[in-house]
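J.: Residues per chain, in single letters:
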Amino acid sequence: NAGVTQTPKFQVLKTGQSMTLQCAQDMNHEYMSWYRQDPGMGLRLIHYSVGAGITDQGEVPNGYNVSRSTTEDFPLRLLSAAPSQTSVYFCASSYSLAYSPLHFGNGTRLTVT
Amino acid sequence: GENVEQHPSTLSVQEGDSAVIKCTYSDSASNYFPWYKQELGKRPQLIIDIRSNVGEKKDQRIAVTLNKTAKHFSLHITETQPEDSAVYFCAANDQYGNKLVFGAGTILRVKS
Numbered sequence: 002n003a004g005v006t007q008t009p010k011f012q013v014l015k016t017g018q019s020m021t022l023q024c025a026q027d028m029n030h031e032y033m034s035w036y037r038q039d040p041g042m043g044l045r046l047i048h049y050s051v052g053a054g055i056t057d058q059g060e061v062p063n064g065y066n067v068s069r070s071t072t073e074d075f076p077l078r079l080l081s082a083a084p085s086q087t088s089v090y091f092c093a094s095s096y097s098l099a100y101s102p103l104h105f106g107n108g109t110r111l112t113v114t
Numbered sequence: 045g046e047n048v049e050q051h052p053s054t055l056s057v058q059e060g061d062s063a064v065i066k067c068t069y070s071d072s073a074s075n076y077f078p079w080y081k082q083e084l085g086k087r088p089q090l091i092i093d094i095r096s097n098v099g100e101k102k103d104q105r106i107a108v109t110l111n112k113t114a115k116h117f118s119l120h121i122t123e124t125q126p127e128d129s130a131v132y133f134c135a136a137n138d139q140y141g142n143k144l145v146f147g148a149g150t151i152l153r154v155k156s
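Protein sequences appear in the order of chains A and B.
Counting in our numbering, the first sequence runs without a single skipped number right up to 114 at its last residue.
Counting in our numbering, the second sequence runs without a single skipped number right up to 156 at its last residue.
Everything labelled a hint here was simulated from the structure, so no lab data went into it.
None of these values were measured; they are calculated from a predicted model.
Where a beta carbon is used, it is the ideal one built from N, C-alpha and C, also for glycine.
A few of these clues could be false.
Selected chain A positions facing chain B (in silico; Cβ < 7 Å) [unchecked claim]:
1. 43
2. 44
3. 101
4. 102
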């Protein structure tokens, strides 16, 4: 039982490049989400999904896309990377946000130059 | 939308003393308030949570209190130990229960 797995752990991009951050969970959780963590700003919600085929925006969705074709996977796509997207990205899942806690992955540290 | 404010941003205590971190939230419909601990370079991990039908919850040296009228909740750590040093985040859900909004975090340093 691996929990929430994020890849890659580190990534460096040039401005304008695109990439996908991968997130997979093996706990059969319906709820999945992406957060970014910046110094002094806590964890800010980018996008979330309450089940396969359903996604919605969080607090800071601009510049990011998501899709949820399966219960297990919730990739985050950066369309055209910008230096402001330099951050640590966490994927998190829950059986149901109303009844059970969020389980976080180990994070992806992204640097955009 | 929901807004969560957390204070203080940094807190230094002597080993054995108590530590208190306070959070306020804006959405009166919020009903779930978890606390996460994040050690340096690690992922956030849940340490305790409370729901709106309960005023206080305790787990060994950690307790959380909730005042729904004033819209604030607090984390209390007693008999602090060096391994309690970490960043602590409070959070609250939004009125629809689909988003968890976090405070900015408190850096707790326990000096031995």
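J.: Mind listing which of the numbered hints don't hold for this structure, in increasing order?
T.: Per hint list: single violation, 3.
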